[in-house]
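Residue numbers (the UniProt record's numbering), protein chains in the order written: chain E, 1 to 62; chain U, 1 to 267.
A couple of the hints might just be wrong.
Ranges of calculated distance between the beta carbons of each label pair, as one might list FRET restraints [as the list claims (entries may be wrong)]:
#, chain 1, residue 1, chain 2, residue 2, range
1, E, Ala50, U, Asn126, 16 to 26 Å
2, E, Ala50, U, Val168, 33 to 43 Å
3, U, Lys151, E, Gly27, 37 to 47 Å
4, E, Val52, U, Asp226, 29 to 39 Å
5, E, Asp36, U, Lys164, 38 to 48 Å
6, U, Glu259, E, Pro30, 43 to 53 Å
7, U, Asp217, E, Arg41, 27 to 37 Å
8, U, Thr50, E, Cys43, 30 to 40 Å
9, E, Arg41, U, Thr95, 12 to 22 Å
10, E, Ala50, U, Lys137, 29 to 39 Å
11, E, Asp36, U, Ser116, 31 to 41 Å
12, U, Lys200, E, Asp36, 25 to 35 Å
Stretches of chain E that chain U covers, calculated by requiring three or more beta carbons in the stretch to come under 8 Å of a beta carbon on chain U [said to hold, decoys possible]:
#, region
13, 12-24
14, 46-60
If you're looking for bench data, these hints aren't it; they were derived computationally from the structure.
Cβ coordinates follow ideal geometry from the N, Cα and C atoms, glycine included.
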Amino acid sequence: MIPVRCFTCGKVIAGSWEEYTRRVKDGEDPAAVLDDLNFTRYCCRRMFLAHVNLVDIMAPYQ
Amino acid sequence: MEIDILELSDRSAKFILSGTTAAFANGVRRAMLADVPTLAIDDVNIYNNTSVLYDEQLALRLGLIPLTSSLEDFVPQDKCTCEGSGCPACTVSLTLSAEAGEEEQVIVHSGDIVSSDPNVQPADKNIPIIDLRTGQKVVLEAIAHMGYGNKHAKWQAGVACGYKNMPVITFEGCDRCGICVNACPRNIIQLGEETAEISKDDLLKCSLCRLCQDSCDIDAISVGVDERSFIFTMESDGSYTAQQLILNAVNTIKGKASEMQNILSTL
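Extracted from the complex, chain E is given alone in its bound form (with noise of 0.2 Å):
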């Protein structure tokens, strides 16, 4: 799952996550996508683009 907030500077991130993801699937550019979600701040764009949904691989195992 996302992370919640920003680590670095505590920004409420999640709430984008998944239209960031839905955009990104139909072929937009991230970089675009993030500015257009009004992410200036380096820190908050590499939470998303460096997140991994570890939460699918391990769904069907519990």
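For chain E, the structure is supplied; the task is to place chain U on it using the hints.
What follows is chain U alone, placed relative to chain E:
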């Protein structure tokens, strides 16, 4: 002291604070980060959790969700008359109950949390809390307390609060060679009729890198700062509006100062 608002929205603000000292500006910044109490989930009673997240992970995610708070309605737990045991003046109960049942995937959002107080709601409704698969279930009760940002980041109302000094850039004896125009990484220097110049709005964008000053062959540019003027930027996590947060921060400083005055006057 003067305040000139540049931008003010629900969640963020940018303003120029002038005629004061760095100590005061820093005091306001620190108060916004650490000394304005907010509500955040602190205790979680988990009745059922068959999801892939551990109880502790689930509790952390719940804690970090900002809740709309009001300084008038709640008091921080350490200052409450119940002495920390929990009473309606310092705690709010919230419940979350979700089940995937036969469905393949159900994502539980912060908007699914049911609060016992209509004024205390998650500030963002679309934060994914947990991903439930077929047959998985979560039932819990969460207790939110009023707390301070200096104790845990979940009570931190201000986000990315900072300031920089107002840049003062002067051009003297400029020969309009244009080297500084290309040297500036923010592209704010323009060639005027007699000298190179920076418009008043663009001046705020200056990062004080001094590359223009170093690039000038005839030392015509001097980059300095106004020590008594600050460009302040701040964001709120949603528990208060940006405007309320600044007011609350200033009021906490005021409260502390009057507390000190009371102590000193009794000596």
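Now for the hints, and whether the structure bears them out:
The beta-carbon spacing between E/Ala50 and U/Asn126, approximately 21 Å, falls within the hinted interval of 16 to 26 Å. Range check, E/Ala50 to U/Val168: Cβ separation about 39 Å, and the 33 to 43 Å hint holds. Judged by the Cβ atoms, the range 37 to 47 Å given for U/Lys151 and E/Gly27 holds: they are separated by roughly 44 Å. The given range of 29 to 39 Å is broken by E/Val52 and U/Asp226, whose C-beta atoms sit roughly 46 Å from each other.
Taken as a hint, the range 38 to 48 Å is violated for the pair E/Asp36 and U/Lys164, whose Cβ atoms sit roughly 26 Å apart. The beta-carbon spacing between U/Glu259 and E/Pro30, approximately 49 Å, falls within the hinted interval of 43 to 53 Å. Judged by the Cβ atoms, the range 27 to 37 Å given for U/Asp217 and E/Arg41 holds: they are separated by roughly 36 Å. Distance hint check for U/Thr50 and E/Cys43: the Cβ-Cβ separation is about 34 Å, which falls inside the suggested range of 30 to 40 Å.
For the hinted restraint 12 to 22 Å between E/Arg41 and U/Thr95, the CB-CB distance of approximately 34 Å leaves it violated. For the hinted restraint 29 to 39 Å between E/Ala50 and U/Lys137, the CB-CB distance of approximately 31 Å keeps it satisfied. Separation of E/Asp36 from U/Ser116 is about 37 Å and conforms to the stated range, judged on CB atoms against 31 to 41 Å. For the hinted restraint 25 to 35 Å between U/Lys200 and E/Asp36, the CB-CB distance of approximately 29 Å keeps it satisfied.
Counting residues of the region 12-24 of chain E whose beta carbon lies closer than 8 Å to any beta carbon of chain U gives 5, which reaches the threshold of three, so the coverage claim holds. Against chain U, the region 46-60 of chain E contributes 5 residues with a C-beta closer than 8 Å to a partner C-beta. That satisfies the three-residue criterion, and the hint holds.
Hint check: violations occur at hints 4, 5 and 9; the rest are consistent with the structure.
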